[in-house]
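Mind docking chain B on chain A? Use the hints.
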Amino acid sequence: MAVHRRAYRPYEGPLTSERWRFLVLPRYALQEVFESRLLTAFVVVCFIPFLVEAAAVYTANSPAARALLGIPSQAVDSLEREFFLAALSVQGVLAFFLTAWVAPLLVSPDLVNGALPLYLSRPFTRTEYVLGKTTALLVLLSAVTWVPGLVLFGLQAGLADGWLLPNLRVAGALFAGAWIWIVVLTILGLALSAWVRWRVVATAALFGVLFMGAAFGEVWRGVLGNSWGRLVHLSYLVGVVWRDLFGLHGRPSPVRGMFDERRGAELPVWAAWLGLLAVCALCLWLLDRRLRAREVVS
Amino acid sequence: MPPVIELLRLDVRLGGRSVLRSLEAALSGRAIGLLGPNGAGKSTLINTLLGFHRPAGGTARILGHDLRDGKALRRLVGYMPENDAFVAHMSGVRFVRYMAELAGLPSEQALERAHEAFFYVGLGEARYRKLGTYSLGMKQLAKLAQAIAHGPRLLFLDEPTNGLDPPARQRMIRLIREIRDAGRTHILLSSHLLRDVEECCEEVLILKDGRIAAHSDLAEERRANRRFVELETRGAGESFAGAVEGLGCECAFFPNGSGTARVKVVLPEATPMRELFRLAAEHDVEIRRMNYRRDSLEDIFLAAMREGGGGGRP
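Sequence order for the protein chains is A and B.
Each residue of the first sequence is one higher than the last, beginning at 1 in the numbering used here.
Each residue of the second sequence is one higher than the last, beginning at 1001 in the numbering used here.
With the rest of the complex left out, here is chain A (with noise of 0.2 Å):
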C-alpha cells in the first residue's frame, strides 16, 4: 500500500457499477451493527424461538420423540395455520425490538454532522441513499421473520407426507405476512431516524408511536364504542392483514400479544391496509422532507 505516497494523484483505476452502487451502504451498516456485541447478542437471542419452534415441529411428527417426551400424540396431532402463524407473531415481536435498536443507528448519524451533503455530491441520489439504509434494516429483519419462517415451513413439509400442497398457502403468507411488517417498520424506523436526532428519544419515539397507538385504540373504543380507532395502531393493522393471509381472519389469534385482537369487532380488512398504506406514505413524506442535501428555510 502507497502510504508513504505524500503528493497528490488523480484516481485513473476502475469504478463500480452505479446501479449496484447503493449496497455500499448496507455493507458498512451492518459491520456497525454487529460491532456491537450486545446487539450481535440479541440478534442470536431472535433465534431461539424458532429453535424451540422447530423442535416443536420435529416433535409434532416423531412419534419415538414424542413417546420420548411423553407427550400424548393427540396434543400435536398436526400443525396448523394457527402454529404458524404464532411463530410469526414471535418473530415480529422481536423485529419490532431489532428494529427500535437498529434504526436510530441507521439515519441520525448521517444528519447529525451534516454527512448527507457528502452523500449527495456523488453520483448518488437520495432514493439510493433510502434504499441503501433500507436495504441494511430488511436485511436483518429478514433473517428473524420470513428466513426462518420458511425454513419452519419446509422443515414440517419435509417431516409430513401430503402436508405441502394443502398447506401451500402457508408458505405465502408466512413471506407476505413477514414483508408487510418489515415494510411497515424500516419506513417508520427510518422516518424516526431521520427526524429525531438522538438515538434513545429515536428507539423511544418508536416504542411511543406503537404504544400510544395502540392506546389511542382502546381509548377511542372505549368512548366510541367501535374499532375505528385502530386505525392508529400498527400492530393491531399488521395482526388483522395476518390473520387476512393465513386465511384466520375473524377467528382469535392462537397467541396473546402485540398482534392480537383484545376485544371488541375486527376491522374490516382493506381498513387495516388503507391504514398500513398511509402510515408507510406519511413516513415516506417525512423522509423526502428530511432527507435533503440542504435545508431551505422559507
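Some hints here could point you the wrong way.
Said to hold, decoys possible - Partner residues aside, some chain A positions facing chain B, computed with beta carbon under 8 Å:
id, residue
1, Y11
2, P109
3, P117
4, R122
5, A293
To be verified - Distance condition first, Cα-Cα at most 25 Å in a straight line; then the derived DMTMM-like pairs of lysine to aspartate or glutamate:
id, chain 1, residue 1, chain 2, residue 2
6, B, K1139, B, D1165
7, B, K1139, A, E35
8, B, K1130, A, E32
9, B, K1139, B, E1198
10, B, K1071, B, E1108
11, B, K1130, B, E1108
12, B, K1264, B, E1230
13, B, K1130, B, D1165
14, B, K1264, B, E1221
15, B, K1139, B, E1108
16, B, K1071, A, E12
17, B, K1071, A, D288
18, B, K1071, B, D1011
19, B, K1264, B, E1250
20, B, K1139, B, E1082
21, B, K1139, A, E32
22, B, K1139, B, E1125
23, B, K1071, A, E18
24, B, K1139, B, E1159
25, B, K1130, B, E1082
26, B, K1130, A, E35
As the list claims (entries may be wrong) - Stretch by stretch, here's where chain B covers chain A in the computed footprint (C-beta under 8 Å, at least three residues):
id, segment
27, 12-22
28, 123-134
Hints in this document: simulated from the structure, not taken from any laboratory.
These numbers were taken from a predicted model, which means no experiment stands behind them.
No residue lacks a Cβ here, since even glycine has one placed at the ideal position from N, Cα and C.
Positioned in the frame of chain A, the structure of chain B alone reads:
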C-alpha cells in the same frame, strides 16, 4: 476545451427569495476563486452546481455537463463543505474509504486511496481515531481528504480555512496549491478571505447580492501590474522624463519641490527594467524608491463592492 464552469443566466430562488440572479460567466482557470461578503450567494452557487438546489431559470455547465445531468456531473467533482460533515463514530480512514466507495471506487482501491489521502493531508497518524474526537483543524483536513480521495476533476472547496489557526491555514493553502499544481484537478475555492483566494487562484468571480460584481483574471492582472512602476527620484527633471518616454514608455512626472519628484512609468513588454536604471545613471538621477503599483485583489474586491452587481471584466 470547454470552460470548467459556464454559468448561463443562472437564477436560483430559495424560500421565495431570489438568491442568485442571472449569473453569466465562463470560468476556465485551474483555480477559480469565488469571493463575496457573507450572504452574497457563494455557497448557494456551489450547492446549485452540485445539484442540491434546482435553478429557477437558466442553467450551468460543468466540464461540458449540464446541471440537469446531475449524476454525470457529480462523477467529476469532489466537495468539501463549509460546515461539519462527517459520521462521528467512524474512524477517519474508514469514513474516507466509505465516501470513496460511494464515489465508485472498488473496496480495495478505496481503502488504499483513503490511506493515501490521509497521509497526504497530514493526518496519517490520526487516521484510526474516530472523527468525533478530531479537533476543528483535523476535521477540515479530513473533509479535504474525503473530497480528493476519489480523484475528482473539479474540487469545490467551501471556506476551507474556516476556523483554522495561522499554521493550519498555511498548511491548508499549501495543500490546495499542490493539488492545483498537480495538473489535472480544477479548483473552485469559495471564501470571504481575500488572502486565501489571492494565494491560490488565478481567476476570481466576485458575487454581491446574488449578482456577479466582478470577474477577473488575476494572473493577467498580475502580469499587467508588473509593468506599472512608480519611482521616487532626486535630481530628475523634464529631460529624464523625456528620455524615459524615448524608451517607448508612458511617463508622468510630478515634481515635489526641493529636487525630489515622483515619476510614474508604464513599461512596454519589450523594455527591461534595467533601462530605467541606465537612464537614471546617464542623467545623474538618484532613484530613492521604486514601487510596482499592485492592483491587489483587495482593490478589485473593494471596487466591485462599490460599483455593485451587474458587471465584470471577462
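Hints, verified against the model:
no., hint, in the structure
1, Y11, "holds, 3 Å"
2, P109, "holds, 5 Å"
3, P117, "holds, 5 Å"
4, R122, "holds, 5 Å"
5, A293, "holds, 4 Å"
6, B:K1139 / B:D1165, "holds, 13 Å"
7, B:K1139 / A:E35, "holds, 24 Å"
8, B:K1130 / A:E32, "holds, 13 Å"
9, B:K1139 / B:E1198, "holds, 24 Å"
10, B:K1071 / B:E1108, "holds, 23 Å"
11, B:K1130 / B:E1108, "holds, 21 Å"
12, B:K1264 / B:E1230, "holds, 5 Å"
13, B:K1130 / B:D1165, "holds, 22 Å"
14, B:K1264 / B:E1221, "holds, 18 Å"
15, B:K1139 / B:E1108, "holds, 24 Å"
16, B:K1071 / A:E12, "holds, 19 Å"
17, B:K1071 / A:D288, "holds, 19 Å"
18, B:K1071 / B:D1011, "holds, 21 Å"
19, B:K1264 / B:E1250, "holds, 8 Å"
20, B:K1139 / B:E1082, "holds, 11 Å"
21, B:K1139 / A:E32, "holds, 21 Å"
22, B:K1139 / B:E1125, "holds, 14 Å"
23, B:K1071 / A:E18, "holds, 10 Å"
24, B:K1139 / B:E1159, "holds, 13 Å"
25, B:K1130 / B:E1082, "holds, 20 Å"
26, B:K1130 / A:E35, "holds, 14 Å"
27, 12-22, "holds (count 7)"
28, 123-134, "holds (count 3)"
Violated hints are absent here; each numbered hint is respected by the structure.
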